[in-house]
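Asker: Each chain, written out:
2 protein chains.
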Amino acid sequence: MTKDRLIYLPLGGAGEIGMNAYVYGYGAPGKERLILVDLGVTFPDMDTAPGVEVIMPDISWLEERADRLEAIFITHAHEDHIGALGLLWPKLKKPVYARRFTATIGRLKLEEEGLPVDMLTTVEARPATVEAGPFRVQYVPVSHSIPESAALIIDTPAGRIVHSGDFKIDRSPVVGEPWDDALWAAVAAEKPVKALMCDSTNVFSTHEGRSEATLAGPLTELISKAPGMFVATTFGSNVARLKTLAEAARAADRTICVLGRSMKRMLSVSDETGVLQGFPRVVSPDEALEVPRRNLMLLVTGSQGERRAASAALSRGKYLGFEMREGDSFLFSSRTIPGNERGVIRIWNAYSEMGVTVHDDEGGLYHVSGHANRPDLEHFHRTILPDMLVPMHGEHRHLAEHVRVATEAGIAAQVAVNGTMLDLSGEVPVVAEYVETGRLYLDGTALIGALDGVVRDRIRMALNGLVTVILDENDQPMGEPWVELMGLTDKGKGGRLLNETMEADLADYLERAGRKVLKNDDKLDEEIRKVVRQIAMEEIGKKPEVTVVVSRLVAE
Amino acid sequence: MTKDRLIYLPLGGAGEIGMNAYVYGYGAPGKERLILVDLGVTFPDMDTAPGVEVIMPDISWLEERADRLEAIFITHAHEDHIGALGLLWPKLKKPVYARRFTATIGRLKLEEEGLPVDMLTTVEARPATVEAGPFRVQYVPVSHSIPESAALIIDTPAGRIVHSGDFKIDRSPVVGEPWDDALWAAVAAEKPVKALMCDSTNVFSTHEGRSEATLAGPLTELISKAPGMFVATTFGSNVARLKTLAEAARAADRTICVLGRSMKRMLSVSDETGVLQGFPRVVSPDEALEVPRRNLMLLVTGSQGERRAASAALSRGKYLGFEMREGDSFLFSSRTIPGNERGVIRIWNAYSEMGVTVHDDEGGLYHVSGHANRPDLEHFHRTILPDMLVPMHGEHRHLAEHVRVATEAGIAAQVAVNGTMLDLSGEVPVVAEYVETGRLYLDGTALIGALDGVVRDRIRMALNGLVTVILDENDQPMGEPWVELMGLTDKGKGGRLLNETMEADLADYLERAGRKVLKNDDKLDEEIRKVVRQIAMEEIGKKPEVTVVVSRLVAE
Chain A
56 MTKDRLIYLP
66 LGGAGEIGMN
76 AYVYGYGAPG
86 KERLILVDLG
96 VTFPDMDTAP
106 GVEVIMPDIS
116 WLEERADRLE
126 AIFITHAHED
136 HIGALGLLWP
146 KLKKPVYARR
156 FTATIGRLKL
166 EEEGLPVDML
176 TTVEARPATV
186 EAGPFRVQYV
196 PVSHSIPESA
206 ALIIDTPAGR
216 IVHSGDFKID
226 RSPVVGEPWD
236 DALWAAVAAE
246 KPVKALMCDS
256 TNVFSTHEGR
266 SEATLAGPLT
276 ELISKAPGMF
286 VATTFGSNVA
296 RLKTLAEAAR
306 AADRTICVLG
316 RSMKRMLSVS
326 DETGVLQGFP
336 RVVSPDEALE
346 VPRRNLMLLV
356 TGSQGERRAA
366 SAALSRGKYL
376 GFEMREGDSF
386 LFSSRTIPGN
396 ERGVIRIWNA
406 YSEMGVTVHD
416 DEGGLYHVSG
426 HANRPDLEHF
436 HRTILPDMLV
446 PMHGEHRHLA
456 EHVRVATEAG
466 IAAQVAVNGT
476 MLDLSGEVPV
486 VAEYVETGRL
496 YLDGTALIGA
506 LDGVVRDRIR
516 MALNGLVTVI
526 LDENDQPMGE
536 PWVELMGLTD
546 KGKGGRLLNE
556 TMEADLADYL
566 ERAGRKVLKN
576 DDKLDEEIRK
586 VVRQIAMEEI
596 GKKPEVTVVV
606 SRLVAE
Chain B
56 MTKDRLIYLP
66 LGGAGEIGMN
76 AYVYGYGAPG
86 KERLILVDLG
96 VTFPDMDTAP
106 GVEVIMPDIS
116 WLEERADRLE
126 AIFITHAHED
136 HIGALGLLWP
146 KLKKPVYARR
156 FTATIGRLKL
166 EEEGLPVDML
176 TTVEARPATV
186 EAGPFRVQYV
196 PVSHSIPESA
206 ALIIDTPAGR
216 IVHSGDFKID
226 RSPVVGEPWD
236 DALWAAVAAE
246 KPVKALMCDS
256 TNVFSTHEGR
266 SEATLAGPLT
276 ELISKAPGMF
286 VATTFGSNVA
296 RLKTLAEAAR
306 AADRTICVLG
316 RSMKRMLSVS
326 DETGVLQGFP
336 RVVSPDEALE
346 VPRRNLMLLV
356 TGSQGERRAA
366 SAALSRGKYL
376 GFEMREGDSF
386 LFSSRTIPGN
396 ERGVIRIWNA
406 YSEMGVTVHD
416 DEGGLYHVSG
426 HANRPDLEHF
436 HRTILPDMLV
446 PMHGEHRHLA
456 EHVRVATEAG
466 IAAQVAVNGT
476 MLDLSGEVPV
486 VAEYVETGRL
496 YLDGTALIGA
506 LDGVVRDRIR
516 MALNGLVTVI
526 LDENDQPMGE
536 PWVELMGLTD
546 KGKGGRLLNE
556 TMEADLADYL
566 ERAGRKVLKN
576 DDKLDEEIRK
586 VVRQIAMEEI
596 GKKPEVTVVV
606 SRLVAE
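Heads up: the protein sequence lines correspond to chains A and B, in order.
Take 56 as the starting number for the first sequence in my numbering and just add one per residue.
Take 56 as the starting number for the second sequence in my numbering and just add one per residue.
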C-alpha cells in the first residue's frame with residue numbers, strides 16, 4: 056500500500072500577484088482528500104487581455120477531482136482572494152468557510168450569481184475549528200488592509216501547516232486585533248509547525264513595516280490645513296484607513312460624505328458585522344452639497360485611477376453635483392499598483408489643471424502597506440520556526456527572494472509557482488508533479504480560456520487593423536471583391552483610397568488565378584490574405600489582419 | 056502700426072513628457088518671424104495608441120506659417136527632441152542647427168527618410184552664434200544623459216531668453232563639460248535674462264541631484280563581486296553610463312560586448328564625433344562567446360522592457376549565442392518610465408526563473424537621473440535671475456509645481472501647455488492666444504491624426520470584438536445573412552454557436568422588416584447593428600462592434 060502524503064498545489068497566486076487559489080491534500084497519492092484556500096481574481100490590462108472583465112485561475116485540475124474536495128476556506132475579502140467565488144463555485148459545489156466580515160461579502164457574491172448562500176458558513180477565530188476530511192482548520196486573526204483577515208492553521212496527520220494569508224505585523228492596526236507574538240509563539244509551542252506558506256508581496260522592502268496608527272497625525276495635520284474641500288481616495292476595503300481619514304476629517308471640523316458603490320458597501324458590511332465602531336457620521340451627497348467646502352471631506356473610490364470610479368469622474372468635471380475647484384485638495388492615500396501608473400497620473404494632471412492640490416503617499420506619510428516587509432517576515436519565521444517554508448502571493452522574483460531569505464535563516468524553502476505540486480511529507484519540500492494550470496477570462500458574461508485565441512484576435516486587430524474581403528460567387532467570374540477596412544487609414548500612397556486599390560488588385564489577381572485556386576476555399580483564402588497584406592505593406596507599411604468571406608452559391 | 060512682440064508657443068512637450076516642439080516668434084502680431092526648438096516624438100502604449108509606431112506633435116500651425124520660419128534648432132539627440140526630424144522636416148523645409156553629436160544623429164534620421172542632409176548645419180558651442188531672422192542663438196553645453204546636450208541662449212530685440220533644454224547640474228559628469236556656475240553667471244551679467252524656459256521633469260524630487268561620477272564605486276563593487284556573467288542595461292544614448300559600466304567591468308577584469316543596434320550606434324557616433332574617449336575595447340558577440348562567463352560583461356538595450364530589445368530577447372532564451380544561467384547577474388542601470396513597469400517586471404521575473412540575480416537602481420545606487428531636481432532648479436533660477444519663468448518639459452502637474460517654486464522665489468511664472476501662445480514682451484508672461492494642437496501618429500508608414508478615428512476603431516475592436524454581417528441582395532428575400540465573428544467567443548448560452556444564433560435571428564428580423572427599411576441602407580445598417588448587439592448582450596453579455604456589408608445588385 057502506498058504511504059499517505061501531504062501535498063500543496065497553487066493553482067493561482069504563485070508566480071503572480073493576484074487570483075489566489077491554493078490546494079492542500081492528504082492521503083494516498085492520487086487519492087488525497089483536498090481543501091482549497093481562497094478563490095480570487097486578477098484584473099486585466101489592455102496589453103494582455105483587452106475587454107476582459109476579470110481573470111480567474113483555471114481550476115480544471117480541481118474540478119476533475121471535485122469529489123475529493125472537502126471544503127473551501129477564504130482567508131479575507133479582497134478580490135484577489137474571494138473575487139472568483141461566485142463565478143467558480145458552481146464548478147466545485149463544496150462548503151465554504153470564512154470569518155463573519157468575509158462571509159458577508161462572500162454571500163453577496165454568491166447571491167449576485169443566483170447561487171445558494173447556505174453553503175457558506177461563518178467561522179469564529181481560533182480556538183474554533185473546522186473539520187474537513189483529514190484537515191482541522193483554525194482561523195487566526197492577522198492585520199492586513201481589510202477587516203478580519205486571517206491566517207489559517209491547518210492541522211493534518213502529517214503535521215501542522217500555517218498558511219499566512221495576506222498579513223502585516225501591526226501592533227496598533229486601528230481596526231481589528233493587534234499582532235500578538237505570544238499567540239503565535241503559543242501556536243508553535245502547541246505543535247511544531249511543519250510548513251509555513253507565506254505572503255511574499257513585500258519581501259523586497261527592507262525596512263520594518265509601519266503601523267496604520269502612524270498615519271493619524273500626518274493625515275490630521277494635512278486635512279486641517281487644507282483651505283478648500285478635501286477629497287481622499289484609498290481602497291474601499293481599507294476600512295481602517297477610512298476610519299483614520301474620517302477621524303482626521305472630524306478633528307478638522309469636516310463633514311464626511313462617501314462616494315462610490317464599493318466603498319459604501321464595505322462600510323455598510325463593516326457596520327453590519329460589527330468590525331467597525333465609532334465611525335463618524337456620514338452624510339448623503341445632497342446634504343454634503345449644503346456644507347461649506349472648507350468643512351467638507353469626500354471619501355471616494357478609484358485610488359488606482361479606474362476610469363469609472365469617483366476619483367476619475369470628479370477629475371473629468373461635475374459628479375453628483377460636486378465639482379473640484381482651485382484651492383481644493385485631493386489625496387491618494389494609497390500606493391499605485393504597477394501597471395496603473397498612467398491612469399493615476401491622468402487623474403493627477405486633470406486635477407492640476409483645475410488648480411487642485413494633489414498629494415500622493417509622500418514616501419509613506421499618508422499610506423502604509425498591508426503586507427509584511429522583509430524584517431517582519433523574518434520576525435514571523437523566527438516566531439513560529441517552521442521546518443520548511445513555501446513562499447506564496449508573489450511574482451517569481453518575490454518567491455525566489457523569499458526562498459533566499461528563508462534559506463539564509465536555515466529554513467528549507469522551495470519556490471513553487473502555479474501548477475507545482477509539492478510533497479510536504481518529508482523533511483524538505485519536494486516537487487511531486489507539474490499540473491497544467493492557466494487563466495480563465497470572464498468576457499462579458501462568457502468564460503473563455505486565455506489560450507482560446509479570442510483575446511489574441513482582439514489584440515491583433517488592435518495592433519494591425521482588419522481588412523474584410525467579401526467575394527460573391529454569384530458574380531461570374533469572381534471579379535468584384537468587396538473590401539472593408541476597420542482600424543486602418545483609408546488612404547494609401549499618393550492619396551489613393553486603400554480599399555479601392557485593394558479591390559482593383561484583388562480583381563486582377565482573381566482574373567489571373569487558376570480555376571483550381573478559385574474552387575479551393577482554403578487556398579483561395581490564403582492567397583487573398585497574401586495579396587491584401589502585400590498591398591497594405593506597399594501602401595501603408597502595415598500587415599493587417601485579414602478575414603475572407605466567400606459567399607458561395609447556396610444550395611436550397 | 057502695431058508694436059513688435061516676442062512670443063512663445065509650445066506645440067509639444069508642455070503638458071506631457073515627450074515630443075518636444077517649442078516655437079519662438081518676434082515681430083508684428085501675426086507677422087512674427089519664427090524659430091522652432093526641437094522636433095521630437097513620444098511613444099505609444101496599448102491603452103491609447105495600439106499598433107502605432109511613434110507619436111509626433113501636430114505642427115499644422117507652423118506648417119501653415121512655414122514661410123515665416125527661419126530655422127530649427129535641436130538641443131540634443133534624445134528621441135523626444137529629435138525623433139520627428141526625419142518625418143516632419145518635409146513639412147517645414149528649413150535649415151536645421153545642432154551640435155556635432157546631435158547633428159550626426161540628425162543626419163542619420165534625414166538619410167533614413169531619403170532627405171537631403173545639407174540643410175543640417177553643425178554648430179559650435181557659445182560664443183559661436185547662429186543668426187536666424189531677429190534671433191541670435193548660442194549653444195551652451197549642459198549635462199544630461201546624452202552627450203553634447205545644450206541649453207540655448209536666444210537673443211531677441213525684446214531681450215534675452217534662456218531655453219534650458221534637458222539638463223542637470225552635474226559637476227563631474229563623466230562625459231562632457233561639468234556644470235559651470237561662473238559661465239551661467241556671466242551669461243546673466245552680459246545681458247539680463249528676460250525669460251527662462253525651464254525643464255520641469257524632476258520638480259517633485261526634493262533632494263539635490265547626484266552626479267554621474269557617484270556611480271563608479273558602487274557599480275565597480277557590484278560587478279566585481281558577481282560570480283557569473285554580468286549583463287547591464289541602460290538607455291543606449293547614456294554614453295556616460297556606458298563608460299562608467301565599461302570601466303567598472305574592466306576593473307573587474309571583464310571583457311565587454313555590446314548587444315543592440317541603438318546602443319552600438321550611439322557608441323559609434325560618440326567615437327566618430329570625439330565625445331567619448333578612452334572607452335575600453337569592445338569585442339564582437341562571437342569573440343565574447345569564447346570568454347569565460349566570470350570575465351564577461353554584456354551591455355544591452357532594453358532598459359524599459361521593450362519586447363524587441365536585447366534584454367527581453369535574453370530573458371526569453373538564447374540570443375546571438377548567449378544564454379543566461381543561474382549565477383549570472385542582470386542590472387537595470389535605469390529608471391522605469393511610468394507606464395513601462397509591466398514590461399520591465401516581466402523581464403525581471405523571466406530572469407528570476409532562470410536563477411539570475413537581478414538588480415534595479417536600488418534607490419539610486421546604480422542610477423542617477425539626467426534632469427535637475429527641485430533644489431537644482433532653484434539654484435539655476437538664482438544663478439541667472441530671469442524676469443520671468445515658463446516651465447516646459449513636463450506634465451501639467453510638473454509645470455504647475457514649477458510655477459509654484461518660481462513664484463515663491465519672486466519670479467513671474469506662467470503655466471503654458473501645448474497650444475498656449477504667450478506674449479513675453481512685457482514684464483510678465485501674458486496668454487496671447489490659444490492655438491489648436493494635437494498629435495500625429497506614424498502608423499506603419501502612414502501619418503494619421505490622433506482624432507481620425509482609425510485608432511479609436513482599433514481600440515473598440517480590442518475591447519468589444521467585431522461582428523461582420525454580410526447581406527446579399529441577390530438572395531430574395533434578403534433572408535440569408537452571413538455572420539463572421541472576430542475576437543468573440545464562438546459559443547453563447549447553452550453552448551449554441553453564436554454566429555448561427557445571430558444568423559437565425561437576423562433572418563427572422565429581415566423577414567419581419569418592412570420594405571422601407573430594406574431599401575434604406577442607413578436604416579438597415581442601424582437596425583442590424585441593434586439586433587446584433589441585443590443578441591450579443593443576451594448570449595455573451597457584450598456589445599460588439601458591428602460592420603454591416605450589404606451587397607446590392609451590381610448594375611453592370
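Worth double-checking, as some hints may not be accurate.
A pair holds if it fits inside one copy or across any two, identical chains being indistinguishable in the list.
The list that follows gives simulated cross-link-like pairs (lysine-lysine, DSBU-like), each with its CA atoms no further than 35 Å apart [claimed, not checked]: (1) Lys585 x Lys598; (2) Lys148 x Lys246; (3) Lys148 x Lys598; (4) Lys585 x Lys546; (5) Lys58 x Lys548; (6) Lys58 x Lys148; (7) Lys574 x Lys546; (8) Lys585 x Lys597; (9) Lys149 x Lys597; (10) Lys598 x Lys146; (11) Lys571 x Lys585; (12) Lys578 x Lys546; (13) Lys585 x Lys373; (14) Lys86 x Lys246.
It is worth saying that the hints were derived from the structure and are not from the lab.
Asker: Using 35 Å as the alpha-carbon threshold, which applies to Lys585 and Lys373: within, between, both, or neither?
Answerer: between (51 Å within a copy, 31 Å between copies)
Asker: Since the copies are identical, ignore which copy is meant and state whether Lys148 and Lys598 lie within 35 Å (CA to CA) inside a copy, between copies, both or neither.
Answerer: The answer is between: 31 Å across copies meets 35 Å, while 47 Å in one copy does not.
Asker: At most 35 Å between CA atoms: does that hold for Lys585 and Lys546 within a copy, between copies, both, or neither?
Answerer: both (20 Å within a copy, 29 Å between copies)
Asker: Can you tell me if Lys574 and Lys546 fall within 35 Å by alpha carbon in one copy, between copies, both or neither?
Answerer: both (32 Å within a copy, 29 Å between copies)
Asker: Between Lys571 and Lys585, at a C-alpha cutoff of 35 Å, which is it: within one copy, between copies, both, or neither?
Answerer: So Lys571 and Lys585 pass the 35 Å test inside one copy only (17 Å; across, 40 Å).
Asker: Have a look at Lys149 and Lys597 and pick one of within, between, both or neither, based on CA distance no larger than 35 Å.
Answerer: between (52 Å within a copy, 30 Å between copies)
Asker: Is the C-alpha distance from Lys598 to Lys146 at most 35 Å within one copy, between copies, in both cases, or in neither?
Answerer: Close across copies (27 Å), not inside one copy (41 Å); limit 35 Å.
Asker: For the identical chains here, do Lys578 and Lys546 meet the 35 Å Cα criterion within one copy, between copies, both, or neither?
Answerer: Answer is both: 29 Å inside a copy and 27 Å across each meet the 35 Å cutoff.
Asker: Given a CA cutoff of 35 Å, do Lys58 and Lys548 count as a within-copy pair, a between-copy pair, both, or neither?
Answerer: The answer is neither: 73 Å in one copy and 45 Å across copies each exceed 35 Å.
Asker: Regarding Lys148 and Lys246, is the shortest C-alpha distance of 35 Å or less found within a copy, between copies, in both, or in neither?
Answerer: within (32 Å within a copy, 82 Å between copies)
Asker: Give the relationship of Lys58 and Lys148 under a CA distance limit of 35 Å: within one copy only, between copies only, both, or neither.
Answerer: So Lys58 and Lys148 pass the 35 Å test inside one copy only (29 Å; across, 82 Å).
Asker: Cα distance capped at 35 Å. Does Lys585 pair with Lys597 within a copy, between copies, both, or neither?
Answerer: both (13 Å within a copy, 32 Å between copies)
When each numbered hint is compared with the structure, a violation occurs for hint 5 only.
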